[in-house]
Amino acid sequence: NAGVMQNPRHLVRRRGQEARLRCSPMKGHSHVYWYRQLPEEGLKFMVYLQKENIIDESGMPKERFSAEFPKEGPSILRIQQVVRGDSAAYFCASSPPLAPEQFFGPGTRLTVL
Amino acid sequence: DQQVKQNSPSLSVQEGRISILNCDYTNSMFDYFLWYKKYPAEGPTFLISISSIKDKNEDGRFTVFLNKSAKHLSLHIVPSQPGDSAVYFCAATLTGKLIFGQGTTLQVKP
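Residue numbers (the working numbering), protein chains in the order written: chain A, 1 to 113; chain B, 1001 to 1110.
Be aware that one or more of the hints could be misleading.
[What the hints assert, rightly or not] Just a few of them, taken from the derived set where beta-carbon distance is under 8 Å, the chain B residues facing chain A:
#1 Leu1011
#2 Ser1085
#3 Phe1089
#4 Gly1103
No wet-lab data here; the hints were simulated from the structure.
Just so we're clear, the structure is a prediction, and the values are computed from it rather than from any experiment.
Every residue gets a Cβ at the ideal spot worked out from N, C-alpha and C, and that includes glycine.
Extracted from the complex, chain B is given alone in its bound form:
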């Protein structure tokens, strides 16, 4: 029972353009949603979070949007940079623990 799903395994965008990463969830009890970035052989790095009572949170180039009626969230990266190339995981919190999606590999081409 995959409660958090990232249906796109990969995404390729041109440098300077917008990257949009998507995530769907099934459990309406999740209280926070988070995005992490992960390079090979490293631990995930926290990027941005959003409370379930909000619909948008912005931090620099990163913006997360939450649509509770659709049980969908997205991460927008503008402008995309080659250094953003990594695997992006969305996660949701439930009683403290994080439940992760499968990840989306983002490639930003120079």
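Isolated chain A, as found in the complex:
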């Protein structure tokens, strides 16, 4: 009964490159959420997805960031043309339908050089 899986755990990119972060939810969970934790700050909501649908992307930066949760495969958070300010820990969480509790993965720590 695996928990939420995220990979890679650590990702180093140079400015201008693309970063792709993957998240596989817990078995039976159809809702996926992405959060970001900047250094010395709390977790901030980015986006809420269900299979093939974006439910709420109010926390996503307007440019360079996108997310998807396809019918098959993991959810992907994509950051194009990364900048130093994108360096953070990115956490994915999942939940079953109609449940408020979200269960988090171990996170991906993105470092932009």
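For this one, chain A is given, so just place chain B on it according to the hints.
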């Protein structure tokens, strides 16, 4: 606009005593409140939740109290153990997403 606030950055208690972590919120539309525990370099771990229509929920050593008139909730850990030392986040749900406080670092001394 910080809708969920944890005003104490840190708390230190002796092993075996009670730990009380506090959280205030501003939005009366929140429907659930949750507490998470986080170790460095790991993801948050869910501890306990409470519906906005309840005033208390208990699970083992953890009890959460909700005071809606004061827009305040607290997490009680009794008895505290050294393994409880971590950062504790309170969070509130709104249309599915979680809104987190800034966290309180709890240190339980042996």
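Against the structure, the hints:
With its C-beta approaching chain A no nearer than about 16 Å, Leu1011/B sits outside the 8 Å limit, and its interface hint is violated. Because the smallest distance between the Cβ of Ser1085/B and any Cβ of chain A comes to about 19 Å, over 8 Å, the interface hint for this residue is violated. Interface restraint check: Phe1089/B against chain A, minimum CB-CB distance 7 Å, threshold 8 Å, status holds. This hint holds: Gly1103/B has a C-beta 6 Å from the nearest C-beta of chain A, less than the 8 Å allowed.
Hint violations for this structure: numbers 1 and 2, all remaining hints satisfied.
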